Amino acid sequence: MLGTGIIQGLATTAKNFAGSFRDPRRFVTVQYPEEKAPVTENYRNFPFLVSDDARDPMGTLRCVACRICEKECPPQCIYIVPDVDERGKPRKHPRVFDLDISVCMSCQICVEVCPFDAIKMDQDFELAATDRFRGLLLDKHQLAKSNDYYRQIHPAEAAEVDARLAAEKRQAEEKARAAAAAKAAPPPPTA
Amino acid sequence: MTPALPAESWLERVPLTVRDLVTGLFPAPWRWLAGSVLAILAVVLGFGLLFTLLTLVERKALGRMQNRPGPNRTGPFGLLQPIADGIKLLVKEDIVPFAADRPLHFLAPVVLVAFTLLTFAVIPYGRHLLPVDLDAAVLFFFAAGAATELAVFMAGWSSHNKYSLLAAMRALAQLISYELPLLLAVVPEVMRAGSLSTAAIVAAQGRWTLGILPHWSVATPGGAAAFLIFMTAALAESNRSPFDLPEAESELIAGHLTEYSGFKYALFFLAEYLGMTALCAMAVTLFLGGWQAPCVFLQFVPSYVWFFLKLAALLALLIWIRGTLPRLRLDQLMRLSWKFLVPLALINLGTVAFWQLSAGWEPLPARAARWAVALLLVLGPFVALGQRLGAGVGPRRYRYAPA
Amino acid sequence: MTAVLVIVAVCTLAAAAVAFALRPLVHSALCLVLAWAGVAAFYLWAGAEFLAFAQVLVYVGAISMVVLFAVLLTRRQSGEGDSRVAGAARRVAAGLAVAALVAGVLGRAVLAVPPASAPVAPPTLGVRQLGGELADGHAAALLAAGALLTVALIGAVVLAAGDAGRHGEDPP
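Protein chains in written order, with my numbering: chain A, 1 to 191; chain B, 1 to 403; chain C, 1 to 172.
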């Protein structure tokens, strides 16, 4: 009969109206910035540099300034100047590591190619700045965050990276011990 | 049925006391002018305030119906939102197209608001609060409402924009089509009260059965049908969803309002809400008993409070409908009016005539028969016409695609 | 009260005069609507409330729409919205002749009534009495007018439907 559909519709909206005061399913708005919508682990925004120890971010940066990410970045948003000591020998440390987030397209290629797990994707999106150029060009001090932070935002990934790095470190130590033992032990008799 | 003894509380006379105080400040020959100006100011300021509150309440209520809060950032619960909207519209640049007809472009919103405000003069807001007591008040109301259609045409034509003109023609077609059910739904009420004066119509509804059942028009079958027809036609007359084709944003941009910006757009907006409020106020007067209380013992509450409660209920109903129904296409709109509402309203005339003529059927079986016949006369055509209206609606059949 | 009558009369006549002096046809139509509103004001001055509101409802509300729609739908381009046509001199002469005839008839009718010696209060006719008079004394005329309007409406619908029948109706 004409009108039954209208009555059903009116009932639905009335339920929505009444329910929006009590039932969270009928009120889907997240009142930003007081509340923030939860992000999943795989969410990524812009990269950051990982340092192993939070107390000395610059000293324990995993980045060795190999410049692979700079070369692989499609929009070329990374600028690296490696640190050299007095005699011109490269220290395994970047003097300048600038990332322009107005150019970065969050493709994650830099993360995929880094051999040292030094650059990972961050989840921070509240990066609005008042200066279009300086404000959106992040240097290494702004980019460096600790491994604890990485474990917090990407628990599974960080666990996997930590396990791999720990395994590699153990292997390297074992090899060093074996080499030292071989050096200390008498050479096998040649006959 | 107990007759209505005016059981007045002292609160009823408060507005009159205030008016006498203020007009007493003026010399005697000018008191009538002061009284009129005071009434005008009261209506304009009161309904202006209601308009701002209504825009906010509508946005918040629509939001809640759509699982979101409405505006809640400007001030607590968004209470300062209408002020923010007003400031925004006032400081916008007033752009008039180069080839537009400047005098008409300027006059259109003015004429619209003026005639809409005129309609507020004949509505009884309380027992002693009728601004102008005219013998042909209902006719005045609809005459002023009909003159607003001219403003719609002026708006569309003066913009010198063929899309505005087309949209104005469509809006006019809608307005003219729904004038007929609107007026035909009012005629039974005039027949029932025997007068075109709004005060007389409200007074005629001032009886109660057993002290608790009010004799409002809407409590009779013919009156309820007329109320529904009136509300539908009122939705269409004030360009309100689901009949808001003329001003919807996806229809020829904003229709006849395309070339209006800033304060003139605010005036159109004001006129739409004022028109909606005026039609709801007239519906309260004609069908819901005006300022009458629903029960005899509730008459201690002042009459203007009852009026505004009923008005608020009708406005809430309109907002509820807006949040629920999709927009009607122009041909669907026309079909609804000409093929459904007009025949229904004409048959309703006959129903109410029967109701009036059978008012003297006293013994209980006769009264039951009267109700049964009236209900049949109301529901029968509704179901029959409704089926004819919805005939042919179904899954689309394609001529060339394989079934 | 004579001052009010003079003002209303001047406004009405001025609007009518401007209506046929303006070039754009839509402006003329709108001035004509103003003249009709002036007639309604005249009815109010004379105390005929019902008639005044009916005049506004019918003329300003509906007949103005008819005129405007007719103007808009019969112009082929907006440049043709001018009301000045060639050969206007003959039409003006014919118009003046008809106006003189109408003025003569009206003037004789008005002058035939002797002026009242004392100011007469306008007769107050309530809407109820008006309705009673129409339904009792003039019922035949009312029914004839109603029948005429119904026939015109049906004719209009038939004319419009005849055009649409060729295309077939859109599905609801």
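Just so you know, the hints here were simulated from the structure itself, not pulled from any lab data. All values derive from a computational prediction rather than experimental measurement. Just so it is clear, CB atoms sit at the ideal spot from N, CA and C, and this is done for glycine as well. Wrong hints could be hidden among the right ones.
Unchecked claim - DEER-style ranges, computed between Cβ atoms:
1) A:Ala37 / B:Phe263: 32 to 42 Å
2) B:Ala248 / A:Ile68: 39 to 49 Å
3) B:Trp371 / C:Ala112: 52 to 62 Å
Claimed, not checked - Here are the simulated lysine to aspartate or glutamate pairs, EDC-like style, with alpha carbons at most 20 Å apart:
4) A:Lys92 / A:Glu168
5) A:Lys145 / A:Glu173
6) A:Lys15 / B:Asp101
7) A:Lys140 / A:Asp100
8) B:Lys60 / A:Asp23
9) B:Lys162 / B:Asp85
Assess, step by step, whether the Cα of B:Lys162 is no farther than 20 Å from the Cα of B:Asp85, and give holds or violated. Given pair B:Lys162, B:Asp85 is violated - Cα atoms ~29 Å apart, limit 20 Å.
Regarding the pair A:Lys140 and A:Asp100, is the alpha-carbon distance no greater than 20 Å? 11 Å, holds
B:Lys60 paired with A:Asp23 [C-alpha distance capped at 20 Å]: 17 Å, holds
Proposed proximity, A:Glu173 with A:Lys145 (alpha carbon, max 20 Å): Given that 20 Å is the threshold and the Cα spacing comes to 27 Å, the pair is violated.
A:Ile68 and B:Ala248 - C-beta distance against the hinted 39 to 49 Å: 56 Å, violated
Does 32 to 42 Å hold as the CB distance between A:Ala37 and B:Phe263, or does it fail? Holds - the Cβ-Cβ distance for A:Ala37 and B:Phe263, about 39 Å, lies within 32 to 42 Å.
Decide if the proposed pair is consistent with the structure: A:Lys15 and B:Asp101, CA atoms, cutoff 20 Å inclusive. Violated, at about 49 Å.
For a C-alpha distance cap of 20 Å, please report whether A:Lys92 and A:Glu168 respect it. 19 Å, holds
Hint check for C:Ala112 and B:Trp371 - Cβ pair distance inside 52 to 62 Å: 59 Å, holds
Checked against the numbered hints above, the structure breaks hints 2, 5, 6, 9 and satisfies the rest.
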